[in-house]
Amino acid sequence: MTFNLFFGAKGCLKNLSDLRCNSNIYIDLFYQLSQIYYSIQSFTLEAKRIVSNGLVDLISVQRNLKYFEMILCYDLEDNVLANIIPSLMLKLPNTLVKLELFGEDYCIPLSFIANFSNLQELELSFEDKNFIDFEKLQYVIFPRLQVLKFSGEYPRVELLMKFLENNGKNLKEIYIGEKGMCCDNSLNLAIAKFYPNLSKLYIRIKHNELETLKIILNNYKILESIKIWCGMDYLSENEALETVTKYSQNIHELIILSI
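Heads up: the sequence shown begins at 1 in UniProt numbering, then just goes up one per residue.
A couple of the hints might just be wrong.
With beta-carbon atoms standing in for the labels, derived distance ranges [stated by the list, open to error]: (1) 214 to 133: 16 to 22 Å; (2) 186 to 118: 54 to 60 Å; (3) 95 to 242: 22 to 28 Å; (4) 238 to 39: 48 to 54 Å; (5) 221 to 241: 16 to 22 Å; (6) 63 to 128: 33 to 39 Å.
Here are the simulated PhoX-like cross-link-like pairs (lysine-lysine), alpha carbons at most 25 Å apart as the crow flies [stated by the list, open to error]: (7) 214 to 193; (8) 169 to 149; (9) 246 to 162; (10) 129 to 98; (11) 136 to 91; (12) 136 to 206; (13) 66 to 221; (14) 221 to 162.
Since the hints were derived computationally from the structure, they do not count as laboratory data. Bear in mind the structure is a predicted one, so any value in this text is a computation, not a measurement. Glycine included, each C-beta is placed from N, C-alpha and C at the ideal position.
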């Protein structure tokens, strides 16, 4: 079945700006779309077992893509991970302002992210062992980056600290290890010291590192929202609540999550 069989399909979709799909749909569909639509602004892709070259064609012709999200799903073939996914990423235009990649236990190249000098929001979700390529990103400067999220685990601390050193000036929101169980006090202290423009922060602090939370709250004059994991090896709910109440200056949203 092709678009040619649907009378008026081209006209109906001539203003297509938001596309959400998985890679297992009719193989020729992406190629057909690439012949018609060049102004997609938001593209969400679930990459499943089959990823066709037609998808690469569709990405390559986009002139005004602002947001791209990719979820790497189950059963991806080695050829897809080694060849097609990297080819697809290299075709993404420099118009991107928001990029979200969810790879979890897959390892893919990340150095292509350096191409997006207009990037304002970046979210990466991988296991820590799959951030091998982040070493190439630690020195890259994204002058417009405002939101940084590591929603799974995060890269090695020394790499991440160098990245934050280069890109922390304009950051307004930082979320590190949101779904993981990682916590590093040296990283938390670096965040407290070097990134004074944050308005939102997600953080994990161990129960014997309460002073770090106090330093963060004292240093951030414009911090409006903070999310804190509590329980087990981390601060108790009472410690977090009492400390934020006593030391915060501008916070109007406190989110406490219990393990």
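Hint check results:
1. 214 to 133: 16 to 22 Å: Hint violated: Cβ distance 36 Å, outside 16 to 22 Å.
2. 186 to 118: 54 to 60 Å: violated (31 Å)
3. 95 to 242: 22 to 28 Å: Violated: the Cβ-Cβ distance is about 46 Å, outside 22 to 28 Å.
4. 238 to 39: 48 to 54 Å: holds (53 Å)
5. 221 to 241: 16 to 22 Å: holds (21 Å)
6. 63 to 128: 33 to 39 Å: holds (36 Å)
7. 214 to 193: holds (12 Å)
8. 169 to 149: holds (16 Å)
9. 246 to 162: Violated, at roughly 32 Å.
10. 129 to 98: holds (24 Å)
11. 136 to 91: holds (19 Å)
12. 136 to 206: The hint is violated at about 30 Å.
13. 66 to 221: Between residue 66 and residue 221 the Cα gap is close to 32 Å, so the pair fails against 25 Å, i.e. violated.
14. 221 to 162: Within the cut-off at roughly 24 Å; holds.
The structure fails to meet hints 1, 2, 3, 9, 12, 13 from the earlier list, while all remaining hints are met.
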